[in-house]
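Just so we're aligned: 244 in numbering that gives the first Met the number 0 is position 245 of the sequence shown, and the numbers increase by one with no gaps anywhere.
Each statement offered as a hint is correct.
Heads up, simulated EDC-like pairs for lysine to aspartate or glutamate below, C-alpha to C-alpha not over 16 Å straight-line:
1) K292 x E324
2) K43 x D65
3) K106 x D65
4) K108 x D160
5) K149 x D93
6) K308 x E262
7) K214 x E125
8) K43 x E62
9) K28 x E111
10) K218 x D169
11) K84 x D94
12) K108 x E62
13) K108 x E66
14) K303 x E262
15) K218 x E229
16) K214 x E133
17) K108 x D65
18) K149 x D180
19) K308 x D243
20) K43 x E66
21) K149 x E181
22) K28 x E66
In short, the hints are calculated from the structure, not lab data. None of these values were measured; they are calculated from a predicted model.
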Amino acid sequence: MVFPTYRPRRLRATENLRSMICETTISVKDLIYPIFVVPGENIKHEIESLPGNYHWSLDRVMECIDEVVALGIPSVILFGIPSYKDALGSSAWDDNEPVQQACRLIKAKYPELVVTTDVCLCEYTEHGHCGVLENGCTVNNDATLPLLAKVAVSHARAGADIIAPSNMMDGYVQAIRTALDEAGFTNVPIMAYSAKFASAYYGPFRAAADSAPSKGDRKGYQMDPANTNEAMREIELDIEEGADIIMVKPALAFLDVVARAHEMFNMPLCVYNVSGEYAMVKAAAEKGWIDEKRIVMENMLGFKRAGAKMIITYHALDVAKWLQE
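Using the sequences and the accompanying hints, generate a full structural model.
Shown next, in the form of structure tokens:
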């Protein structure tokens, strides 16, 4: 292929020509929209760190769900702010807490909407860590596993279609798979946060979910951002333990990990376009420094090009609207 015989610009001359040779496309079916449900009544409160996203009380959350369904987005992922916290995070498996109640409400009106639920303990514990705390700031891995299993079963009982555990405990997929199967939920899949890095990109989410650790950090269980070989080992372990979908989180700074996971494992792959990534785009767009729509859609293409099949993103409503234009 030598110039002037081969001229790549020939196929870039018009919009229709460009669309005919387009290698990567974005569909509304790629999207999963995160929703925060909270105790109380008549609450639709914009989250300061995630502009355009809201805390929803149960009596108003269906306003958001109605929009999701109208836009054709196939799935939501629920995060709950509990009505109470304790050392073990027992509100996480309380059937009367916001996530469980929201599951029941959503499935009653929209049984075909795929309801995914986050399974972790950090929002529910007094200390903000993702498991049973001992010696001040060390999470006891094995003591945490049965609690995560209880959360997963509670969510499945409420109607969750996908269980998405984000805690990064060793053996968590196996513990949850066993518990779901024993409770009769053999057909409920697990979307494992297989390569979840100890990232600075989570700041806005922790403010939104009131889940920042009261002391210490999560580097003892979330992954070192420097490591990709370890990420592959984590993913392989989760697959062996029964994960149906694997995830890389965050997305933008870890597209090499996404691409490598896509090449190594023949598994459905999800990325989480996390809160810090979203907040940076929104802040720059507000300043007029970037074209928000073009930047967001370019990011979505990057995720798909790297190998992601599903994208959890706070941009989902906007992306769905832009795709309709």
